[in-house]
Amino acid sequence: MKWQRWAIPASALPVLVLLGWGLTRDARTVPSPLPGKAAPDFRLQTLKGDSLSLTSLKGQAVLVNFWASWCLACRAEHQVLLSAAKRYSDQGLKIVGVVYEDSRDNARAWIAERGGDWPNVLDVGSRTAIEYGLFGVPETFFVGRDGRILYKQIGPLDSAVIERWVPKLLATGGSAASADTFAEGRSAGHVPTRRP
Amino acid sequence: MLRRWPLLLLIAWVSVAAAPLAGQIPIDSATPTRDPRFEATVREVASSLRCPVCQNNSVEDSPSLLAQDMKKEIRARLAAGETPDQVRKYFVSRYGEWVLTKPTAGGFNLSIWLLPFVALLAGALVVWVAVRRWVRQGDAPRPAAASGEATPGDGATLRARKAALQASLQDLEAEFAAGRLDARDLALLTERDQTELNAVNEALRNVKKESTKPAARASQPVSGFGRWSARLGWAVALGAFALVLVLSLRGSVAARSEGGVITGSQTASAAPVEMELQQTGPLDSLRIAQLEARIRRDSTDVPALIELGHIYLAQGMLQKAWLVDTLAIRLQPDAPSSAEAFVHIGMILWSQGETDGGLKAIDKALYLRPELPEALLYRGIIYFAGLQDMRAAAQIFEHYLAVAPPDANTARVRAMLNAARQAGAGK
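As they're listed, the protein sequences go chains A and B. Here the first sequence is numbered in our numbering, starting from 1044 and rising by one per residue. Here the second sequence is numbered in our numbering, starting from 2 and rising by one per residue.
Looking at chain B on its own, in the form it has when it is part of the complex:
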């Protein structure tokens, strides 16, 4: 092994040395250059471009073939002397603005850049207005009593205080009459209570005046008309919002169609398997036992193998079905009787996500028996639910209905045919 090293080195050296000589090979190729600054620029441009075949991935981050080829193109263009902006411009000219991971700041796009700042400013404005209002409320002259004892908030507390003062004045009179209070004290206490009562009365008048004034202060609840117009505004806005939502999400909000799935327009791929399972009868296990006994006696009994495959498949025993059907096919690969086995194989493949292989197997079945209803049915289902090629599906279902004897499947196929025609026409 070690002895081969010189040879390998020679080959490597020759290929490196010859690369610039070959005029056809641009310097850009997949191998990165050694200049770290150049590579950084390549990476910068690649991460500013979106990979077209990915979901939310940049050309730099995507492992896809196309992204790698795009990176080569970026490298080649930069190496040819283009600026990063020129390279980006080239890709925009091919893919549109979409290709930029960061939208350009211009035209309508400007709103994306400006709206956050607008929102920030609006929020600051709201806070400023609110704080100013609170401060103004705190500074507002209080209709409080001169004694400073009462800080009357609203009419109710003022009225309660008024009642208490009146009661106190009456008490003082009673105490004096009973001889428990001398005239000097009575005069002093009466004057104190009377002064406060006057202040409370004044404050009460102020409160009444303000509540009758329309929208006197911002902190006061707005008057009848203002309140109703504001409510109307909110109702209109909410109604418009609901309308927009309903109109735009109409497809998702609409009632699910017969056989439809929760994802709306997508067709159910689980349908065919369910259909198979529904066809099982109570006698199937007995029949399975009989057929298995036949195969144990003669493992080349192709009709038994195929019938068994059919029942296994109908019961969802995919592995067993696969086993007997492949055995049948191996025994008689090109006999028309194997066509059914190919159909089963096709269905199993498709149910495992191998649409391509499934179609191939069913094509083979139709090659062996061109009008085998089962093959047409499943081919139609794969086009309908798998490839979602409604036109082809409709044609195949029509063919099926023309050749198949009416049975339990006929109604289902009719339904699928209608759905396929509608979807095809809607395209």
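If we strip away everything but chain A, and leave its shape as in the complex, we get:
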């Protein structure tokens, strides 16, 4: 009957381990299944009226930035995007804004006030937002030259995130490279090749 003395402490141990594991995790972070996968394509109307698809940007490093004019955090983030565009556009970084749950007029006025010469598309019906598993705005997807999502930023971008991920994004391989290719550290200046 000696085992009975140890039964309670012994059965408490797995509970403790689970508790320790669970409590040290941030309950608010939701792991996204998208990084490492191909970025969902979209063909949407820009604020200017012409149509734009993600496929047309294949072979380039793209920031797909979901925003809305009613989103306060997007204001501060816009400054970060402006400086990222200034710093990295000559290295081939493209930015595409996706306007989420917002009207064309509001979005136009917002851009007119704050600047930014990258295209912004209207996601009427939130189909693209759902395709990208959007939780809210702002959210930004770092799409590599191979068309895969390298990183997903939930919440506003800041310059630290830009400096950490954009160089990696620019270094992504042009052809159907695996996600591991990023670790090899290709030079940022290499000529992108289009996927057939």
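Don't read these hints as lab results, they were simulated from the structure. For every residue, glycine included, the Cβ atom is placed at its ideal position computed from N, Cα and C. Check before you lean on any hint, since a few could be wrong.
List time: in silico DSS-like cross-link candidates among lysine-lysine, alpha-carbon distance up to 27 Å [to be verified]:
#, chain 1, residue 1, chain 2, residue 2
1, A, Lys-1129, B, Lys-90
2, A, Lys-1080, B, Lys-103
3, B, Lys-103, B, Lys-163
4, A, Lys-1195, B, Lys-103
5, B, Lys-361, A, Lys-1080
6, B, Lys-321, B, Lys-361
7, A, Lys-1195, A, Lys-1080
8, A, Lys-1091, A, Lys-1129
9, A, Lys-1101, A, Lys-1091
10, A, Lys-1091, A, Lys-1137
11, B, Lys-73, B, Lys-90
12, A, Lys-1080, B, Lys-73
13, B, Lys-90, B, Lys-103
14, A, Lys-1195, A, Lys-1137
15, A, Lys-1195, B, Lys-90
16, A, Lys-1101, A, Lys-1195
17, A, Lys-1080, A, Lys-1137
18, B, Lys-209, B, Lys-163
19, A, Lys-1195, A, Lys-1211
20, B, Lys-73, A, Lys-1195
21, A, Lys-1195, A, Lys-1129
Beyond 12 Å from chain A on every Cβ pair, some chain B residues (computed) [claimed, not checked]:
#, residue
22, Thr-102
23, Asp-155
24, Thr-191
25, Met-391
So these bits of chain A aren't anywhere near chain B, every CB distance computed over 12 Å [as the list claims (entries may be wrong)]:
#, residue
26, Leu-1090
27, Ala-1150
28, Gly-1158
29, Trp-1161
30, Pro-1162
Based on these hints, arrange chain B on the given structure of chain A.
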């Protein structure tokens, strides 16, 4: 009004009839179909998916725009012939397992489904073992006397009974000697007591034997070593539990920082209002009276209006402050002197929860007077405590410290700047 009905009907009919013709419009749109079984499936799938922008709400129950759009997507996919499981799979591929209101039974998730049953089984086992032990105790042969009179529980009652029997035997001898008892009765009674005494003595020996045996029966207290090892086990388990608690709740358990609030990492939004209230002096009511008199004489006295707005705000009289500041702005909307009024408006808006409007007003103030310290200060506070954009807040506070003359606020701004830098670096 009635005459318009035919026209309305015609429009309705045309739009319904034309809908399938327009190739661009999928059948799925917002309008539910008439098939109740299909609608039930839509509802079933929608309630099995979590709304991403809500707190603990399913897509079916959420009124949010995104949830409605998701429901449209569900309807479209079901209409296109996908099974409910395929639709769920699609959403899982976009949002992860998180999106399911009911976690799938597989892998680690299996524990959620199995643990309740494991706990139930364990409880049943505990009850079974306990009941069996009680039953065994009840059946155990009692070291009771043959006469069945005594049911000796423990050594103490046995010893008491033994003493009583011995006393009784002595009494019998005394009665006999005194001639109150004949020899036949003495023999009978002595034999009765002696038999019971023997039985009690036997029972006492048994009790002694059992208590010296190490952990003889489960109902007996465990021996020294067993007791100590069990205690050690409990101490270790409790210690581990405390460690886990302290490690995981360290942030909440830590001492509150200067100016911190009870919610820990959240920054206090009440701080700026307090700061304003602290700046009031005893002469303020006198000054208010003077300024109010000036405005009564000339309601377009903008400097008086703005100064009054400042004092009202400092005293927490937000409505009055709002009144005089909006008046000043209406009189001179684009004069640099109105910049302060815009700052006050901004602060009032922000204190009412209108962060956006507050920032706009302060931006306007900075447009009128780019280096107005008050505007920089409050802009910084809104970024610091409201938007919690520590990077921007730090920049604004640096700007403030560079342009503002040192005063009572300088130390506070320094403190906020440090906090903002730390929070910014910690991100």
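Here is what the structure says about each hint:
1. For the proposed pair Lys-1129/A and Lys-90/B, the alpha carbon gap of about 40 Å is over 27 Å, so the pair is violated.
2. For a cut-off of 27 Å, the pair hint linking Lys-1080/A to Lys-103/B stands: about 25 Å separates their Cα positions.
3. The straight-line distance between the Cα atoms of Lys-103/B and Lys-163/B is roughly 70 Å, outside the 27 Å bound, and the hint therefore fails.
4. For the proposed pair Lys-1195/A and Lys-103/B, the alpha carbon gap of about 25 Å is at most 27 Å, so the pair holds.
5. Under the criterion of a C-alpha separation no larger than 27 Å, the hint pairing Lys-361/B with Lys-1080/A is inconsistent with the structure, at around 40 Å.
6. About 21 Å separates the Cα atoms of Lys-321/B and Lys-361/B, which keeps this hinted pair within 27 Å; it holds.
7. Between Lys-1195/A and Lys-1080/A the CA atoms are separated by roughly 11 Å; this keeps the pair inside 27 Å, and the hint holds.
8. Between the alpha carbons of Lys-1091/A and Lys-1129/A the distance comes to roughly 22 Å, so the proposed pair stays at or under 27 Å and holds.
9. At most 27 Å may separate the alpha-carbon atoms for a hinted pair to count; Lys-1101/A and Lys-1091/A meet this at roughly 21 Å.
10. Between Lys-1091/A and Lys-1137/A, the direct Cα distance comes to roughly 17 Å. Compliance with the 27 Å bound is thereby established for this hinted pair.
11. Annotation: proposed proximity of Lys-73/B to Lys-90/B holds, straight-line Cα distance about 16 Å (limit 27 Å).
12. Using a Cα cut-off of 27 Å, the hinted pair Lys-1080/A and Lys-73/B holds, with the two alpha carbons roughly 25 Å apart.
13. Our distance criterion of 27 Å between C-alpha atoms is met by Lys-90/B and Lys-103/B, whose separation comes to about 13 Å.
14. About 16 Å separates the Cα atoms of Lys-1195/A and Lys-1137/A, which keeps this hinted pair within 27 Å; it holds.
15. For the hint pairing Lys-1195/A with Lys-90/B, the CA-to-CA distance comes to about 21 Å; that is within 27 Å, so the pair holds.
16. Distance restraint check for Lys-1101/A and Lys-1195/A: the Cα-Cα separation of roughly 18 Å lies within the 27 Å cut-off, and the hinted pair is therefore satisfied.
17. As the CA atoms of Lys-1080/A and Lys-1137/A are separated by approximately 19 Å, the hinted pair is consistent with the 27 Å bound.
18. A C-alpha spacing of about 15 Å is found between Lys-209/B and Lys-163/B, which places the hinted pair at or below 27 Å, so the restraint holds.
19. For the hint pairing Lys-1195/A with Lys-1211/A, the CA-to-CA distance comes to about 13 Å; that is within 27 Å, so the pair holds.
20. Among the hinted pairs, Lys-73/B with Lys-1195/A is consistent with the structure: their alpha-carbon atoms are about 25 Å apart, no more than 27 Å.
21. Restraint check for Lys-1195/A and Lys-1129/A: the C-alpha separation of about 21 Å stays at or below 27 Å, so the hint holds.
22. Its beta-carbon lying about 14 Å from the closest one in chain A, Thr-102/B satisfies the requirement of being farther than 12 Å from that chain.
23. No Cβ of chain A comes within 12 Å of the Cβ of Asp-155/B; the nearest lies about 22 Å off, and the non-interface call holds.
24. With a cut of 12 Å on Cβ distances, Thr-191/B stays outside the contact zone with chain A, its closest approach being about 45 Å.
25. Annotated as non-interface, Met-391/B brings its C-beta within 12 Å of a C-beta of chain A; the closest such distance is 9 Å.
26. At the 12 Å boundary, the C-beta of Leu-1090/A stays outside the reach of chain B, the nearest C-beta of that chain being 19 Å off.
27. Non-interface call for Ala-1150/A relative to chain B: holds, since the shortest CB-CB distance, roughly 15 Å, exceeds 12 Å.
28. Distance check on Gly-1158/A: its Cβ is at least 15 Å (rounded) from any Cβ of chain B, clearing the 12 Å threshold; non-interface status holds.
29. With a least CB separation of 22 Å from chain B, Trp-1161/A remains clear of the 12 Å interface cut-off, as annotated.
30. Chain B leaves Pro-1162/A outside its interface by the beta-carbon criterion, the shortest separation being 22 Å against a cut-off of 12 Å.
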